[in-house]
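Order-wise, the sequence lines are chains A and B.
When we follow this note's numbering, the leftmost residue of the first sequence carries the number 1441, and every step to the right adds one.
When we follow this note's numbering, the leftmost residue of the second sequence carries the number 1127, and every step to the right adds one.
There may be inaccurate statements among the hints.
What the hints assert, rightly or not - Only some residues are given here: those of chain A computed to face chain B with a beta carbon under 7 Å: (1) G1459; (2) G1489; (3) A1491; (4) M1492; (5) G1553; (6) M1556; (7) G1609; (8) S1637; (9) V1638; (10) H1641; (11) A1772.
Said to hold, decoys possible - Chain A is nowhere near these chain B residues, computed Cβ spacing over 12 Å in every case: (12) E1143; (13) D1145; (14) R1146; (15) E1155; (16) I1180; (17) D1236; (18) E1308; (19) P1317; (20) R1328; (21) D1329; (22) H1340; (23) A1351; (24) A1396; (25) Y1403; (26) Y1426.
No lab work stands behind these hints: they were computed from the structure.
Just so you know, even glycine gets a beta-carbon here, dropped at the ideal spot from N, CA and C.
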Amino acid sequence: MSAMEAKARVTPARHTSLGLSDQDVLDMYYYIALARALDERMWVLQRAGKAMFVISGPGHEGCQVAAVWPMDRTRDWLVPFYRSIAACLVKGMSPTDLLLGLFARANDPSSGGRQMPGHYGHPGVKILSTSSPVGTQYPHAAGIAYAAKIRKTGEVTMTAIGEGGTSQGDVHEALNWAGVYKLPIIFVVENNAYAISVPLHKQVAGGSVAARATGYGFPGVVADGSDVLECYRVAKEAYDRAKRGDGPTLLEFKVPRLGSHSSDDQQERYRTKEEIEADRTRDPLRVFGAYLDGVGLLTEAKRTDVAARIKREIDEATDAADRAPSPDPASAARYVFFEKD
Amino acid sequence: MPELTYREALRTTLIEEMDRDRAVVLLGEDIGLYQGTFRVTADLLDRYGPTRVIDTPISELGFVGAAVGMAMLGLRPVVEVMTWNFALLALDQIVNNAAKVRYFSGGQVDVPLVMRGPNGAGVQLSAQHSQSLEALFGHFPGLYVVAPATPAEARGLLRTAIRGKDPVIFLENAALYGLKGEVPNGAFALPFGQAEVARAGRDVTIVAYSRMLHVALTAADRLAAEGIQAEVINLRSLRPLDIGTVAGSVARTHRAVVVQEQWRPYGAAAEIAASIYEQAFDELDAPVERVTGADAPMPYARNLELLAVPHEDDIVRAVKKTLYAS
Ligand SMILES: Cc1ncc(C[n+]2csc(CCOP(=O)(O)OP(=O)(O)O)c2C)c(N)n1
Ligand SMILES: [Mg+2]
């Protein structure tokens, strides 16, 4: 039993004191488990030759679900990155939406089969398409937050990145901008301690991304990404702060990286077996499941139920996405400029 | 002459130059422990240590700028970009700085900087990993732009690049890393601005470089089966451009097809075709044809991607057009 599991047993109603109902936390668990199962399915499909490339977020799901949870899913904006499967599911994309992108189908809501998998976008649910060069989403998000502020819409923007991506100038320029204009924005950094093979200490001088926020005039908060409720607590505070007009917050979630960087990578090339194993004990799905079990919410029957529901949903999504047609060759030259109908 | 892959030719040349000159240092993302995305820097961290094989943070603008500084102070940095697409984040350092330091120092300061990595389309890498950026870099005075198509050229041009005194844009191609070929030993080097006749022929000149050279050679084989003898010119270097070799060929064949992977407007083929008109207008029996990629960002979906890059069919068709045959 991990320390956290032990703690969970002695402070049973933690979620209640955070204002979360039993149903809330069960729903959060469902999304974490759904994201994980979808992630695993993507890899199976890639290995079976159904997709050229997969990049996903095992280990990152807990903090993502917690971070998006306080948001208004229809009004607020999410500017995700390639690990944001769980965040996009909570925000309103369906498993089918995500798999349509993996298969590059004509009705892929992100890009109609134009962009690589993992670059999620869905204007209908206010998710803005992501770009491959890391860091470019941060200034976009600052711009969206700026627009919301001057239009007084009350919308909050959340964006996310890995710790490696924070080495880009774009990120620092966006943080500065958001600080100068006190924008209603939450900057999430999902710190899995690696950028492909490059470890944290070669990437982030000083070792803390959160500490940098102070220099830009707003709070930077660190939370353990395996502790879903703690992630929720800091995310809710950041959200309320943005809503009140008190400006940005940077949230640094320390997460395990439970898989290779992408389907083009084998992490065994640069990580020890011991370290990879140690990361598994920090799996948010396990840790949160143990918490819910400890407070009597996730019985064995309930767990089996959720797993069965998720399997059914993902099977259906896989079939639907697989059946969907590829982009029409006649459309190859489209979407470059505005088209009058 | 040993047979090496394009990748091995690059790697062994890096080793030879690093052994020869301690000023040569390597910088890039995941080039050390990880050995490079395409394994061009395999084992080099072990050989030379972390002060000469530098795993950088993900900050292209920062490390290219730092490399410009190192180069001004007499080091010979060789920067690996994971793909040339990510060099766009460093464009100010390349264009406004690396390319102009010599000029603005009245010729006093050298910038012996080499930037290398894969350029152009791969397989399903989509628009932000697939761009062919040679026309962009070729536009700026102060930058050499080379594009080796074979393992021997990879070695010969890389050596010249590393031993030079000016910034070099060294364009590799992901599809070529595994290509095998004979590579001369010793201090073999190829001068910039010297094209080669990769295949002799009397009926038409096909001008190509990098991966498109191989597509052009396959097209030439097919044309030969139909009795059309194409001469294929491998440019190797885009700036300087060896228009002499191209015009010499056109003087023999009187027809020209120029092949490039990138978009047609303002592309490399436009420059090459215009230079042919300037140097060999009177020799031409037909307008110069251009074979280019489709005028859209590179799509991810495989069926669309195949429509977006030039194929040998397109070259065959263009050749026949110059011959007024169909
Ligand atoms: C500008 C740019 N340079 C390089 C890359 C290649 N690349 C893709 S993901 C990645 C690592 C990112 O690490 P991090 O930000 O920590 O996120 P993680 O993948 O660990 O979640 C790199 C180097 C890129 N996409 N964009
Ligand atoms: Mg990381």
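For each hint, the structure was consulted:
Because the beta carbon of A/G1459 sits about 38 Å from the nearest beta carbon in chain B, more than 7 Å, this interface hint is broken. Interface hint status for A/G1489: violated, as the beta-carbon distance to the closest one in chain B is roughly 12 Å, over 7 Å. For A/A1491, the suggested interface contact is broken, since its CB lies about 9 Å from the closest CB of chain B, more than 7 Å. The restraint placing A/M1492 at the interface with chain B holds, with a minimum CB-CB distance near 4 Å, inside the 7 Å limit.
Look at A/G1553: its Cβ gets to within about 4 Å of chain B, closer than 7 Å, so that hint holds up. Taking 7 Å as the C-beta contact cut-off toward chain B, the hint placing A/M1556 at the interface holds, the least distance being around 4 Å. For A/G1609, the interface hint holds, the least distance from its beta-carbon to any beta-carbon of chain B being 5 Å, beneath 7 Å. Because the beta carbon of A/S1637 sits about 4 Å from the nearest beta carbon in chain B, less than 7 Å, this interface hint is met.
Because the beta carbon of A/V1638 sits about 5 Å from the nearest beta carbon in chain B, less than 7 Å, this interface hint is met. Hint status for A/H1641 relative to chain B: violated, with the closest Cβ pair at about 11 Å, above 7 Å. The beta carbon of A/A1772 is positioned within 7 Å of a beta carbon in chain B (closest approach about 5 Å), and the interface hint is therefore held. For B/E1143, the non-interface assignment is confirmed: its Cβ lies about 24 Å from the closest Cβ of chain A, beyond the 12 Å cut-off.
At the 12 Å boundary, the C-beta of B/D1145 stays outside the reach of chain A, the nearest C-beta of that chain being 25 Å off. No Cβ of chain A approaches the Cβ of B/R1146 within 12 Å, the least distance being about 28 Å, so the stated non-interface status holds. For B/E1155, the requirement that its beta carbon stay farther than 12 Å from each beta carbon of chain A is not met, with the minimum near 7 Å. Annotated as non-interface, B/I1180 brings its C-beta within 12 Å of a C-beta of chain A; the closest such distance is 9 Å.
With a closest Cβ-Cβ approach of about 27 Å to chain A, B/D1236 is found to remain outside the 12 Å limit, as its non-interface label requires. With a cut of 12 Å on Cβ distances, B/E1308 stays outside the contact zone with chain A, its closest approach being about 30 Å. Against chain A, the non-interface label of B/P1317 holds: every CB pair exceeds 12 Å, the least being about 35 Å. With a minimum CB-CB distance of about 37 Å to chain A, B/R1328 clears the 12 Å threshold, and the non-interface call stands.
With a closest Cβ-Cβ approach of about 32 Å to chain A, B/D1329 is found to remain outside the 12 Å limit, as its non-interface label requires. A cut-off of 12 Å between C-beta atoms confirms that B/H1340 is not in contact with chain A; the least separation is 22 Å. For B/A1351, the condition that its CB be more than 12 Å from all CB atoms of chain A holds, with the nearest at approximately 29 Å. Interface exclusion of B/A1396 from chain A stands, the closest Cβ pair being 19 Å apart, more than 12 Å.
For B/Y1403, the requirement that its beta carbon stay farther than 12 Å from each beta carbon of chain A is met, with the minimum near 28 Å. Taking the minimum C-beta to C-beta distance to chain A, about 5 Å, the non-interface status of B/Y1426 is violated against the 12 Å cut.
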